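**Q** From first to last, the protein sequence lines are chains A and B.
The numbering of the first sequence is the numbering used here, which starts it at -19 and goes up by one.
The numbering of the second sequence is the numbering used here, which starts it at -4 and goes up by one.
Since the hints were derived computationally from the structure, they do not count as laboratory data.
Between beta-carbon pairs, the in silico distance windows are: (1) Arg276/B x Asn45/A: 44 to 54 Å; (2) Glu(-6)/A x Pro133/B: 51 to 61 Å; (3) Ala119/A x Ala432/B: 52 to 62 Å; (4) Ala80/A x Asp69/B: 38 to 48 Å; (5) Ala432/B x Asp200/A: 36 to 46 Å; (6) Ser25/A x Asp144/B: 49 to 59 Å; (7) Ala22/A x Glu46/B: 24 to 34 Å.
Since this is a predicted model, take the numbers as computed values, not measurements.
Where a beta carbon is used, it is the ideal one built from N, C-alpha and C, also for glycine.
Here is what each chain is made of, one letter per residue.
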Amino acid sequence: MYNFDLVRPTSIDEAVAALGEEEAQPLGGGQTLIPTLKQRLAMPSKLVSLTAIAEMKGVCKTDDNALAIGGGTNHATVAQEAAADFPGLAHLAANIGDPAVRSRGTIGGSLANNDPSACYPAAALGTGATIKTNKREIAADDYFQGMFATALEEGEIITEVRLPIPEASNYQKFEQPASRFALVGVFVAKYADGVRVAVTGASNDGVFRWSEAEAALSSDFSAGAVDGLSTPDGSGMISDLHGSGDYRAHLVKVLTKRAVAAAS
Amino acid sequence: MQAAGWTRIGKAQTRDGDDLLLRGEGRFAGDARAEGALWLHVLRSDHAAGEIRALDVAAAREAPGVHAVYTGADQDGLQPFALRYVPAGCEVAPTPFLPLATDRVRFAGEPVAAIVAESRDAALDAAELILLDIADAPAVTDARAAAVDGAPRVWADRPNLVFTQELGDRAAFEEACASADHVLTARLEISRVAAVALEPRNALATPLDGGRLHLRTGTQAPHRVKGEVAHVLGLDPGRIVVEAEHTGGSFGMRNGAYPEDVLVLMAAARLGRPVRWQATRSDSFLSDTQSREMSVDATLALDADGRFLALGVDGYAPVGAQLGQMAMHPMSSNMPGIVGVYRTPVLHTVMRGVFVNTMHMAPYRGAGRPEAIYIMERMVDLAAAALGLDPAELRRRNMIPAAAMPYATPLGYVYDSGDFEAALDTVLTAGDWAGFADRRADSQARGMLRGIGLAAAIEPAGGGPKGAQLPEFARIELDASGARLATGSGDAGQGHGTVFRQVLHDLLGWDGDVTVVAGDTDAVPKGVGTFGSRTMGAAGHAMATAAREIIAKATAQAARHLDVPEGEIAFADGSFKARGTNRVVTLHELCTAQGARFEAEAFVATDAGTLPNGAHLAEVEVDPETGAVQVLSYCVADDVGTVINPLLVEGQVHGGVAQGLGQALYETLTYDETGALLSGSFMDYALPRADDLPFIAVHHSPTPTRANALGAKGAGESGTVGALPAVMNAVCNALASAGAGPMDMPATPARVWAALNRKETP
Ligand SMILES: Cc1cc2nc3c(=O)[nH]c(=O)nc-3n(C[C@H](O)[C@H](O)[C@H](O)COP(=O)(O)OP(=O)(O)OC[C@H]3O[C@@H](n4cnc5c(N)ncnc54)[C@H](O)[C@@H]3O)c2cc1C
Chain A
-19 MYNFDLVRPT SIDEAVAALG EEEAQPLGGG QTLIPTLKQR LAMPSKLVSL TAIAEMKGVC
41 KTDDNALAIG GGTNHATVAQ EAAADFPGLA HLAANIGDPA VRSRGTIGGS LANNDPSACY
101 PAAALGTGAT IKTNKREIAA DDYFQGMFAT ALEEGEIITE VRLPIPEASN YQKFEQPASR
161 FALVGVFVAK YADGVRVAVT GASNDGVFRW SEAEAALSSD FSAGAVDGLS TPDGSGMISD
221 LHGSGDYRAH LVKVLTKRAV AAAS
Chain B
-4 MQAAGWTRIG KAQTRDGDDL LLRGEGRFAG DARAEGALWL HVLRSDHAAG EIRALDVAAA
56 REAPGVHAVY TGADQDGLQP FALRYVPAGC EVAPTPFLPL ATDRVRFAGE PVAAIVAESR
116 DAALDAAELI LLDIADAPAV TDARAAAVDG APRVWADRPN LVFTQELGDR AAFEEACASA
176 DHVLTARLEI SRVAAVALEP RNALATPLDG GRLHLRTGTQ APHRVKGEVA HVLGLDPGRI
236 VVEAEHTGGS FGMRNGAYPE DVLVLMAAAR LGRPVRWQAT RSDSFLSDTQ SREMSVDATL
296 ALDADGRFLA LGVDGYAPVG AQLGQMAMHP MSSNMPGIVG VYRTPVLHTV MRGVFVNTMH
356 MAPYRGAGRP EAIYIMERMV DLAAAALGLD PAELRRRNMI PAAAMPYATP LGYVYDSGDF
416 EAALDTVLTA GDWAGFADRR ADSQARGMLR GIGLAAAIEP AGGGPKGAQL PEFARIELDA
476 SGARLATGSG DAGQGHGTVF RQVLHDLLGW DGDVTVVAGD TDAVPKGVGT FGSRTMGAAG
536 HAMATAAREI IAKATAQAAR HLDVPEGEIA FADGSFKARG TNRVVTLHEL CTAQGARFEA
596 EAFVATDAGT LPNGAHLAEV EVDPETGAVQ VLSYCVADDV GTVINPLLVE GQVHGGVAQG
656 LGQALYETLT YDETGALLSG SFMDYALPRA DDLPFIAVHH SPTPTRANAL GAKGAGESGT
716 VGALPAVMNA VCNALASAGA GPMDMPATPA RVWAALNRKE TP
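For reference, chain B alone in the conformation it holds in the complex (with noise of 0.2 Å):
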């Protein structure tokens, strides 16, 4: 579908609702009150891995204001939460994964039992009540010493190794290899980190009349969550309703059910009295689903000009000590993907997924994205650097031209659009790439390392461009009271609402006022979520769908009324036509003066995924002597397709790359020999504050895509996939001028001082 016509659709308008939350007056699922609601606290394994040789509760359940404490052996009739995803090509059982822990707890954070009292004081007196023994067993945090025979194992009846995935051709890449003039390898190392959402996660559970039971919570995903905690309960999904409403942040680790999910409604059905539990924020480090760790080593062949020939890796990546839904999402869904924007003509992929013991992983803004456009960006620079090329020319050289698309990369993904090229020029002329050697000698002058980072980026949104999609939900009605729209993408803060009015617009001709109705599972019957920058495509695509029915049922309307034939009836801008007339009756007209009621939904996936692309642009200065890093520009040229909202994709870039220099610069969390967290708060997990951030330029590159009706790529993800390179390769870049370096992420002071200075890194 073209952009002409639209009117609404390219608009830059600032999010509804944001007054609400500026005020302090959002409804999280913290805000929501409940007459007599009981408090459930989770008391948590202190240790990384052992046996519970003693878990006593009697004195906890006798304890002034205590309903009830649950353990492991008080989950009956629970079912283990169910895999989401297994890695394709892979078989791998399911552990018995149950929102308590068992015989054993296999990371520190494990909930072990949980209280369910009149307050919060009442639940956590109680808590020290328990007698909890564990008998301290050797823990592995790390997935390489996991993989190690003899690492002590998180679970005794099967290896760490969970699975081995190996893609593509390893003949044909060890041929390339051998054949070609400069092959490049390197061990790189991406960090483990937290997605930190502002709002802690939080979970209420009402019990409903006839036997359902209602779970208030922050989700980016209602439909999900109902499903899974349904499946865990034992119970129909019909007997569960889930809501939310305001989220304060979800990034992925916010899709899908946790086992506090579980225990709220568990408790609220044994007890028949409304159930809350809220995380405190070492909770949400303890215990929210974690990311992006892995560590591979890459192989880079080239031929004598620089022409890629051949891409391998070769890695390990923790999964944590549960298989979570999605534990081994991350690690290897988007292995084809390492090949970025290049034409690299052979990929040849090893992933192997590892059980330590900590909290499991899901995807994380980006969901493999970074990592591997992180591992080629990477690579790319120290092929330009060993070969004494400019990586802008070498990206130039292997980029995949726009008149080759559609083209189709080694590993099966097909690439529908994209001008990689243009996009790079537009950061090259805005970051002043020409000028970067008079700025560094500027530095140089003032004892600084200047350093400059490019990265090409290239993310498969939705379903990726392979396979199938999944659906999104959409139901329209038009009456005289208005247009409602109801779907299943649950907004976590990205102003859908806004968008979605946004589109209506166009796709109806509608000026009038639009109800958007997402988050409840009850008011919205169907839908799936939001994730993978798959918003605007999906919903979007189901919303112009149903829109396409209600103008169909509006035209034999119109025709009625009109008095012509239906195929005399045109309908363009909101107004039905007679052919070779001038009568006309508009959408909004058949519904106020003639009393119409307009209704269409669909449940639809598109035929393909989209992928979301664009250019980064970094420039730091390091001090040399502190190793303190900055970050003195950025600049971004991002194609996510058609533009709805200039102001709102700018916005989800900013917050990506915001995320994404958070991880290269400051994030991670670590783990000490004993499985304990270190930087289990605040004061030691490092997140970019506003005056670390430069400004942050976003030049729009749309190529609009044919796979949805909106021509939509997504814009969510974008801007954390080319941050981790775009940053890590400005700073490496900046130490090579000293002649130190390369460095693995976080580019800490400390680390970079340990870099120039060739000392072990902390």
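The following block holds chain A by itself, in its conformation from the complex (with noise of 0.2 Å):
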């Protein structure tokens, strides 16, 4: 790790003031960022950490029928307050990890770093999400680029994430066996006006939607509509010591399956 000052502010004006600076970057719970620091793979001159900003905190259910998460509520966090109203959401924070990740990552920090094989982006884009920073709202449709890409700009941080409550949904996470990651997670949720279907661990571009699946869903939820699809094209898929793009490709169309049957 290479030195660098800490600051905790205690409001967004704060931290955003704070992350003005260059090469100061925010810090949630470390999970990510920490690590990479410890390898020297990063060099902030400054850490603006967001986890005393009380405003960032807490699970909430609006009134138009979402779930608002504070930009640094933790995973352990949301596996408790999404139970009631949104049990696939807390059923995939549950899993994210061991105790400890659950208990320092934050969802702000999961959607910023957009991990190609992270778990929250399935759930952002698998439901429309809206991504509030202390700039502007950016939907779930705009906000994902590619690995480790975002619409976030220098200094701009996650402030809330506004899920809108599915009638149903369900995750399905296939574990990478070492890192326990998401080899390929599905998340699928159902609106009243339709469903929608977003992968996370198998392309190459990131989390995606599988248009497709989509539509079957949006007729007929049911696991047989997803049967009559074809595999989605592996070509484009991640390929590496953990499976083949092909094999990719046939998790997420048996994931989406099974998460239909789970959800429904």
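Got two chains here, separate frames each, mind docking them using the hints?
**A** Shown next as structure tokens:
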């Protein structure tokens, strides 16, 4: 680790001001950033911890039936507080990493990082969530821009994530044997006006929506409806020592079916 | 020696000292304080092969807090590491293996420079100032590929093929195959794995008065480390003290000295300050010794009744880039053991060791025995399938019967004891072999594939059943203050102290306190170490030998005390009794009331090694949609000879099975075509976790050996030996039920799915 300064503001405004400095970087739960720093792969001069900002924490249901989650809310809190209103999301959060990771890692950190194998991006895209930052609101469909790439600008922080609560939902995560991140993860959410299917872990372009499955499921929300679809093309999928692109493509279909079966 | 009269041996007892470890109060080398210690950082090559065109450390030497920077050019006076093992019948010249690369690098992770600084940060900062230019050259990490003419050479001046060891009679083998009713052949690939100790390697060197050097490290064999670092440093071994307290896992990977041990000692001597090195997990993956990889073509010839006529093995195995002390051991030492527990009249083996551009090999839990038994037990299952025989029946038909002991196998092993069929029957019953068809039908109804896998395992422990055994040291001292035992067998978490106390209590009838001293080459003058499941046999034998001398000395003292001739004294259960009288004095009383003090030591070898054996049964379920494998049940019938402490034996078997199952299902060291390690962290190197393991039922099935004073055969490795084949047999059995397979390890979901769908495996 290189040396850095650490500040712990208590309001979003203070955090944004602190981030105005060159080479300053936000620090959420540190579950991704701290290991990176330990390996000397990043060299921020200042870390702005977001963990003391009360207005960025907590889970509540909004009037328009969405779940609003503060960007600094950790996975364990989401697992607990989303359980009643949005069990599919609570289940996702409850299966990220291990208890230590869940009690530190945050939804804002996860979405800002946009690891191609992370779980939250599937939920955000699969629900058509709105990512709120200190500057603006970004629709999930515009937010994810490829592996580790997002619409966030320098110094912009995720303050809240609003996820419309579906009628039914489920997240199926097939774990990569070593890291236990998603080798492939599929989030299925059923709304009155249609079904959304978001896939993480699989594509070289990061999280994506499987539109064929969405169309089929919107008219017939059953595992059988997925059966009839051809497997997505594996050529653009991640191919590594844990699985080929074809294997991942195959899993996308299997997991989508399983998610529908578990959700309906 | 018989178990009669033993009261402590055979009792389940929890491990002494576990509370310290559970509270985080273990005293590992990294916990050792050293006033003014400097930090040594090793700069490693990130190229797998190539000439070092430039290595400029001038700026690093001037960096703040830096005391020294050493490169390959600063190794004056060092001797290359020496070979501790050469395959029988082969002549192999050592490589010029020094701690730091000189002209070329030969694997990614090879140490290139050592920076010694006030702090870790200062050392890392300085390392960034080093200019290292390596002319990238082609690398090869696969043994078969490296053995081909025209493959990139790891050493310019010698071929990649290091040795070819041929054992047995080729003509007899070919003849047996020609006249056999069935001849089965298969290529079997055994993966390369890392030991992955919980505590990464570390070393702390401290200069002592009088020009001596103290090395604090984690090791299973402190005396070996002492001898080897002294050799490389060109010092008299008397000038080195090696001390290990707690060691967080060794498994063969910590059975000797490493370059970093030499570097801290060299730096401490030159700078006159304590110097510390601590591996990160990444360092461990790159620079800990590796093991097990081999690719073999196996042939099993059978007669019409399924009786084994001959077994042939022809294989390739990587040794690594350097001939580390034991680099040639894992793939060659146990070729005779491939026949396993079966009567197989003819065995012919050819094994080649090949240089590759990776860290070198060393034994890892089982050291050639998991590989051997894997080959045999896979062949047995393949034969059973080909002949339409029940795998249990085929095994039974070929097993060496208990009545045939001692039994000489084709390449000179002599099995002294064991009831292989009894062990087989135990697991067949415990695992309900007969009811498998119903369970499979139940799985099928849920869309799952179920598989069952047997393995009959045997493993030469100690130095093997052939040839000289290595000695071990024990020194026993008794006086009014208590008993002290010093031994050369280091403990890396097994619980040696606990079993040693049990043994001493029974050998001497000593109920008082026993202090166990190990892991310090000054406190224990001699020793060899813990490896090869040999500690109960080797150190136990030395303890028994020393105990006999103590009893003889104490008998003389007791005779004087009881005022009878020595010949009239009988010793039992810690008491000396004058025959025909009720006059008795205990050993304890002689020490306490009489102020007597007894001591005896032994540095002895047993005449023969031992052969722990047993049967394993695994049952798995495979999800054909995803390829995920779940191990549903696992049971073992284990013959470790005399069971000193059933609880610790079970713990050893559990850990061993976990490591074998881990290799079968998850673990593998993978390199890319440039020689870069792809599975260099826990993000990509998959270890089994608690929730991957079923309950592992251990049934003790002891047949004590006469090879040592305690009748103990050894318990440290048998779990691993049987687990590789049992789990893979179960997986392949499940695949076969869907008309797919067989497949090689590891049975990761992607590879299982590929096998089920006949796709190329990743
Ligand atoms: C052992 C382990 C297992 C894991 N398993 C999983 C898993 O199964 N599934 C999964 O999805 N994840 C997993 N993770 C990752 C975990 O979920 C992390 O918490 C997450 O990726 C990052 O969140 P964080 O709050 O720790 O962010 P940090 O590490 O603090 O930061 C990550 C990045 O986001 C930026 N950042 C942080 N917060 C904000 C914000 N509010 N606004 C803008 N930028 C911000 C930082 O500057 C940094 O660039 C695992 C991590 C570990 C260590």
